[in-house]
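Read off the chains here:
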Amino acid sequence: MSNQEFTNYQEYTLTIFSENSIGLLNRITINFTKRKLNIESLTVSESAIKGVFKFTIVIICNHHTVENLVKQLEKQIDVIRAFYLTQDEILHQEIAMYKIETNALLETNEIEHIIRTYNARILEMTKEYTVIEKTGHKAETQELFEKLKPYGVLQFVRSGRVAITRLKQELLSSYLEKLEKQHRPAV
Amino acid sequence: METLAMEKLKELNQKTTRVSGSEALLLSLIAEQVTTIFGYPGGAIMPVYDKLMDFKDSLKHILTRHEQGAVHAAQGFARVSGRTGVCFATSGPGATNLITGIADAYMDSTPIVCITGQVGSHLIGSDAFQETDVVGISMPITKWNYQVTRAEEIPEAIAKAFYIAKSGRPGPVLIDITKDAMLQEMDFVYKPCNYIRSYIPVPLMKEEQLNRAAELINEAKKPLALIGQGVILAGAEKEVLAFLEKTGVPAAFTLLGLSAIPNDHPQHMGMLGMHGHAAPNIKTNDCDLLIGIGMRFDDRVTGKVSKYAKQAKIIHFELDKAEINKIVKVDAYVNGNVKETLPAVTAKLIKNSHKEWIDEFKIIREDEEKRVIKKELYPEGNKISMGEVFRVINEAVNGEAVLVTDVGQHQMMASRYFNFKNTRSWITSGGLGTMGFGLPAAMGAQFGAPEKTIISVSGDGGFQMTMQELGTIAYNRLPIKMIILNNNFLGMVRQWQELFFDERYSSTPISSPDFPVLASAYGIPGEMVKGRNDLKAAIQRMIQTPGAYLLEIKVVNKGNVFPMIPQGAAVNEVLFGDEKPSK
Ligand SMILES: Cc1ncc(C[n+]2csc(CCOP(=O)(O)OP(=O)(O)O)c2C)c(N)n1
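So the sequences go chain by chain: D and P. Here my numbering is used: the first residue of the first sequence is 17, the next is one more, and so on. Here my numbering is used: the first residue of the second sequence is 561, the next is one more, and so on.
Hint data in this document are derived by calculation from the structure and do not stem from the laboratory. Glycine is no exception: its CB is placed at the ideal position from the N, C-alpha and C atoms. Accuracy of the hints is not assured; some may be wrong.
Dumping the calculated SDA-like pairs for lysine to any residue here, alpha-carbon to alpha-carbon at most 25 Å [to be verified]:
| id | chain 1 | residue 1 | chain 2 | residue 2 |
| --- | --- | --- | --- | --- |
| 1 | P | K881 | D | N24 |
| 2 | P | K889 | D | P201 |
| 3 | P | K881 | D | P201 |
| 4 | P | K889 | D | N47 |
| 5 | P | K864 | D | Y25 |
| 6 | P | K899 | P | L801 |
Here are some of the chain P residues that sit facing chain D, going by a computed Cβ distance under 7 Å [what the hints assert, rightly or not]:
| id | residue |
| --- | --- |
| 7 | R643 |
| 8 | M699 |
| 9 | P700 |
| 10 | N754 |
| 11 | S758 |
| 12 | Y759 |
| 13 | A882 |
| 14 | K886 |
Whenever a hint applies, use it, and build me the whole structure from the sequences.
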C-alpha cells in the first residue's frame, strides 16, 4: 500500500445510518477505541425515516484507517449503511451558544457590533443574562467566543457537527427498498 | 426424528398457547433443530434449568465442569458438524467464564449461540448479586448480542440469534435473558428469521469482479492459491478442487484451512505461515499471482506485510467485505460466497497446468524434508519427538479421525504432520490461540460427530488449563482418545526464549501430575509412554480400547518447531533450525 495511505492524516466526516437499538452507540464507539481513535465530534438523531438513526462522527486519521473503520462499522448487524466524506465533499455546520451578562451588552454598543459582524443572533434576553447563538464552522464559533471573552462569557456550548453531502447520493429510503428486493428471500 | 417436543411445537404453532419464557426459549431451540446444549446452572438461569427437566427427550444438556468448557464444547460441536453450537451459563461469573470461548469463536468465525441468565430486570443497574453487564463485556467479541427483559421477546431474539450466528461469515451471538423474563408467561409462536434489513450476509455476485479475476488467473504464469477456512465454512471443498484441477494452480493452506482438501492431493503444497512449509512461504514472494480464497491474510500468514508478495498481483475471494484490503492491498477481489463465486470464475478459466512451477515447490520441499521433516519424523536421539507421534498416529488411523488440538508446539506439529484426509477433521484454536481449548472442544466434537474417532492432543501446560473436563468425559462416557505430549515445559514459549531471549527459561518449566493416574481417578484407562519401543503399541491400544483413553507421552524436552519465520521477518526468510551451530 502506498505510504500516503498511512501518513496522510486528515479530517473525515463519517455518516452512519442505523436501527435504533439499545447499546448500538457502544457497538459503534468500540470500533474507534479498538483503533485508539479519538472522536472529535459526534451527533446522533433520528433521520427522515422513522426508527432509523443517523450518526455524524468527525475523526482525524489516515485513509487506510478510515476505509477499514467504515467497513467494520457497516458490518455491525444493526448498521444499515456507513460511509465517510472528506472536507470538500460536505457542507457542515455546528451551532454555538454564548451566555453573557445583559449589563455588559447594554454598557457599550461594542457587543452589538460583534453580533452583527459575526452574523450571530440574540436568542433570549433577560435582565440578568443574554444568550447569543451562532451557526457556523468550529473556527468561526471559536472566534466569536474569543471576541466575547473580554466582556465576560458566563457559559459557552457548541454542538457536534451536522453535515450534508455535496455529492449526488441515493436516498436511504430507496437504498432500503433495493435491499429488500435483492436480499429478502421469497417465502 | 419426531420428538414429543417437536410435535408439541407444531401444535403450539397452530394455536397460540401460553407458556413461560423458559419454555419459550427451549421450544425456540427445538425449532432451530438444537439437540445438544453445553452448560452450567446458577441462580439467574434456574427457571430454564427447571424447564429442561420436561424436555429431556429432545434436548440433551451436558453439564461441563466449567463454563469455559461449555463454550469450547459448543465450538467443537460447531466446527465438526457445521451446525450452530449452543451453551448456557448463569449471570455474573458464569457469563464471564464464557468470554474466552466467545472471543475464540469470534476470531475463528465459529457459529455459536450463548444464552446467559441475568438478574431480574428490576435489579439491572443496581449492582445486584451476580449482576454483570455481559452484553457490554461481550460486545467487541460477538457478531451480535441482545438482552431480553420480557418473555414475549424470546422467540424473535432466538430466531435472530441463530440466523445471525450461522449466515454470512459465521460468528458467536450472545442472548442475555433476565430471570423475570424466564418466569413470565407469553403467547408462543415461532417464526424463523431469514432477513434483517440492516444485514446483508451474502453480497450479490458482480460479473465485472468475476471477469477481472478470471482474466488475472488466465494470464498468470506462476499463480499460488491460498486456501482458508472460508472454504470449509461455505462447504465449497468440491468447488475448490474443481478450480484447482482445471487451472493446475498449486495450493497452500492456512492453519484453519487444513483438511479442506486431502494432503495427498498433488497440488497440495502444504501449510502457510510462521511454522508452515517452506515452499509455499518462500514461493509467496516469487509467484506472479496470489489467489486468497476464504482467508484473511492474518499476520501469522503474511509475516512482515511490507515485504509480502510485492512482486505479485493479488486476488481476494472473500465473503466479508471488511477483510478486503484490510491487511494487503489487492489488485482484484471477488466479494461473495466462494461456493458461488469460485465456480462462476472457474467457468471462465482456460484449462491449464503449471507443472514446472509446481516442480519448483518440490525442490524446496525436498530441502525441507532433508533438513527438518526427516529428523522430526525419524529422530535419532532416544527421546520421542512430537513429529514422530503424529507419524505413528497416521499409521494407526490413516486420516480417519478428527484431530483436536490445544495450543503450542504440539499444535504446530499436528498441523504439519497429521495426514488430513477429510474435511472438518481438524479443530484447533487459530486466531486467538487459546490454551485449554483442546479437551473441551474435543468433547463438543464427539457430540457433533458421535460416529467418528476423536483424538485430542494437548501439551502438558494446556491440558492443565481445562483438565477438569475429564469429569464430563467420564460421566458421559465419551470415547475420546486423549494424548498429552509432555515435554515438561510450556514448549512454545520456551522455544521463543531459546531463540530470542538468550535461553532464559522464565516460568516455562512446568510440573504436572501423573496424568494416567489422574485419568484413573475418573475411571478412564490410560498409560504413560516413555520410550520409542512402546509408542506404536500404545497408540494401537488407545485406538482399539473402547471408550475414553488417556495417553501421556514423554517427549523431547527442548524440541523446537521448524521451519520458522521469526516475527517481523518476511515470508521468505525461513529458518530451518540448522543455520547456526545449535546451542
Ligand atoms: C490461555 C493462554 N495463555 C497463555 C498462552 C501463551 N502460550 C502459547 S503456547 C504456550 C505454551 C504451551 O505449552 P504446552 O501446553 O505445554 O504445549 P507445548 O507448546 O509444549 O506443546 C503458552 C504459554 C496462550 N496461548 N493461551
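Hints, verified against the model:
1. A distance of roughly 24 Å separates the Cα atoms of K881/P and N24/D; the hinted pair therefore holds under the 25 Å criterion.
2. Simply put, K889/P and P201/D have alpha-carbon atoms about 34 Å apart, too far for the 25 Å limit, and the pair is violated.
3. Among the hinted pairs, K881/P with P201/D is consistent with the structure: their alpha-carbon atoms are about 21 Å apart, no more than 25 Å.
4. This hinted pair checks out: K889/P and N47/D have alpha carbons roughly 21 Å apart, not beyond 25 Å.
5. Restraint check for K864/P and Y25/D: the C-alpha separation of about 23 Å stays at or below 25 Å, so the hint holds.
6. Under the criterion of a C-alpha separation no larger than 25 Å, the hint pairing K899/P with L801/P is consistent with the structure, at around 11 Å.
7. About 20 Å separates the beta-carbon of R643/P from the nearest beta-carbon of chain D, more than 7 Å, and the hint is not met.
8. Below 7 Å, beta-carbon pairs count as interface contacts, and M699/P has one with chain D at about 6 Å; its hint therefore holds.
9. The closest approach between the C-beta of P700/P and any C-beta of chain D is roughly 5 Å, which is under the 7 Å cut-off, so the hint is satisfied.
10. This hint holds: N754/P has a C-beta 5 Å from the nearest C-beta of chain D, less than the 7 Å allowed.
11. The interface hint given for S758/P is met, as the beta carbon of that residue sits about 4 Å from the closest beta carbon of chain D, less than 7 Å.
12. Annotation: Y759/P was flagged as interfacial toward chain D, and the flag holds, the nearest CB pair being 5 Å apart, inside 7 Å.
13. Of the supplied interface hints, the one on A882/P holds, with its beta-carbon coming within about 4 Å of a beta-carbon of chain D, less than 7 Å.
14. The closest approach between the C-beta of K886/P and any C-beta of chain D is roughly 6 Å, which is under the 7 Å cut-off, so the hint is satisfied.
In the structure shown, a violation is registered for the earlier hints numbered 2, 7, in ascending order.
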